[in-house]
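Engineer: One-letter residues, chain by chain:
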Amino acid sequence: MSAALAFDLLLSTALVWSAWRTITANRLDQAVVMFIVFGLLMTLAWCRLRAPDIALAEAAIGAGLTGALLLDALGALRKAKTARRRQ
Amino acid sequence: MSSELLFAVVGALIFTLGVAGTILVANLLRRILAFNLMGSGAFLVLVGLAQRGGESDPVPHAMVLTGIVVAVAATALALALLRKQHEVKDSEEELTEIDDG
Amino acid sequence: MKRAIVIAAALVFGGLLINAIVDLPSSPVNLRIAVADNMAKSGVSHPVTAVLLNFRGYDTLLEIAVLLLALIGLMAAGPMLPPPPNQPADAMLQKLARIATPPVIVVGGYLLWAGAFRPGGAFQAGAVLAAAMVLLHLSGLLSAWNAQLLPLARRVILVGGFVLFLCVSVALLAAGSLLQYPPEQAGLLILLIESGLTLSLAAILAGLFLFLSRDNGGAP
Chain A
1 MSAALAFDLL LSTALVWSAW RTITANRLDQ AVVMFIVFGL LMTLAWCRLR APDIALAEAA
61 IGAGLTGALL LDALGALRKA KTARRRQ
Chain B
1 MSSELLFAVV GALIFTLGVA GTILVANLLR RILAFNLMGS GAFLVLVGLA QRGGESDPVP
61 HAMVLTGIVV AVAATALALA LLRKQHEVKD SEEELTEIDD G
Chain C
1 MKRAIVIAAA LVFGGLLINA IVDLPSSPVN LRIAVADNMA KSGVSHPVTA VLLNFRGYDT
61 LLEIAVLLLA LIGLMAAGPM LPPPPNQPAD AMLQKLARIA TPPVIVVGGY LLWAGAFRPG
121 GAFQAGAVLA AAMVLLHLSG LLSAWNAQLL PLARRVILVG GFVLFLCVSV ALLAAGSLLQ
181 YPPEQAGLLI LLIESGLTLS LAAILAGLFL FLSRDNGGAP
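From first to last, the protein sequence lines stand for chains A, B and C. Be aware that the first sequence starts at 1, since it is given in our numbering, and climbs by one per residue. Be aware that the second sequence starts at 1, since it is given in our numbering, and climbs by one per residue. Be aware that the third sequence starts at 1, since it is given in our numbering, and climbs by one per residue.
Careful, some of the hints might be misleading.
For lysine-lysine, the following BS3-like pairs were computed, each having C-alpha atoms within a straight-line distance of at most 25 Å [said to hold, decoys possible]:
# : chain 1 : residue 1 : chain 2 : residue 2
1 : B       : 89        : A       : 81
2 : A       : 79        : B       : 84
3 : A       : 79        : B       : 89
4 : B       : 84        : A       : 81
The set of hints was computed from the structure by calculation and includes no laboratory data.
Please construct the entire structure, taking both the sequences and the accompanying hints into account.
Structural biologist: Structure, rendered in structure tokens:
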């Protein structure tokens with residue numbers, strides 16, 4: 001088994017594991033963070049698939065912008081809950 | 001098995017995880033995450049299958065590029081609707097989920 | 001009970017999918033060769049950019065339209081909860097954002113220009129510029145955007161890329177078929193369309209974040 005295939009197996013295992021943890025995490029913020037990790041691992045997968053354009057776009061948009069949107073939504077839902085609880 | 005085919009199989013696995021997650025989880029934010037997993041799995045299958053012979057193919061690259069950008073726009077719209085729904089209607093499942101945090 | 005059925009069905013579905021993927025015979029269509037043969041007529045030397053903006057330019061036109069629709073839907077979702085009390089932004093973060101933004105703009109411009117020769121292009125450049133705007137917002141230097149009070153310049157930039165692309169397509173439609181660039185001017189047309197797309201995309205992607213953010217953008 002060559003080193004490249006071993007690396008690909010490791011990367012694939014990490015991809016599937018982070019996807020699994022995104023769905024089955026106990027807390028919502030853990031799920032969001034695991035999704036961001038999944039996006040960054042996808043960037044590596046695109047590099048291994050010889051697709052540098054997709055890797056650039058996935059890093060900036062998939063991990064960066066989507067991560068920012070999800071964290072902002074998480075914060076907004078939390079603020080709404082504390083605001084409602086204070087009423 | 002070449003590494004591209006390995007990634008295609010992994011993409012199929014992630015897609016299946018995303019489908020099961022979209023159907024099974026109750027929390028809407030997790031459903032959005034599972035839906036994005038479906039999208040990423042589909043992109044991996046698209047590029048992995050096209051390149052299983054070994055040479056890189058630009059047409060699925062362009063398709064996946066388009067797909068990533070459209071997926072982020074759809075996620076943003078879904079999150080806006082989620083926040084509006086949470087604001088308008090008391091949703092107990094959101095509250096109990098965030099309670100653990 | 002439903003959970004067990006769905007998990008079993010998902011396992012069967014996954015197994016069938018993986019079986020189909022591994023057993024797939026080789027494809028009779030080889031698009032890679034078709035693209036490589038037509039690269040001279042496309043106006044750029046990077047195959048992905050050629051496919052994105054020349055051979056499959058129609059898909060890109062529809063994509064920017066879909067992005068605009070998603071943004072309009074997001075703006076129509078309405079104003080969110082009243083904003084939390086304003087916290088002063090960290091001075092170190094503001095300094096970092098101020099220092100980091102000009103190089104990021106240069107990187108965006110480089111990615112736009114380099115898309116013709118190497119990996120890059122309008123989408124990556126637009127995403128990088130949008131990330132800079134989100135960073136500026138998070139450090140308190142750029143206020144959130146208000147869907148009700150949108151200045152004209154911002155509206156023009158948001159829609160401009162799509163309108164430019166549409167005008168080029170209509171002009172080409174009048175001259176021949178849809179989005180078939182004449183080979184001598186293909187490079188110039190692609191650069192023009194990509195520039196418009198970069199600015200619009202940066203504004204739209206930043207808008208996806210900034211319209212949702214929780215401060216009221218200065219409105220009373």
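Engineer: Each hint needs a verdict: does it hold in this structure or not?
Structural biologist: Hint by hint, here is what the structure shows:
no., hint, result
1, B:89 <-> A:81, "holds (12 Å)"
2, A:79 <-> B:84, "holds (13 Å)"
3, A:79 <-> B:89, "holds (15 Å)"
4, B:84 <-> A:81, "holds (13 Å)"
In this structure, none of the earlier numbered hints is contradicted; all agree with it.
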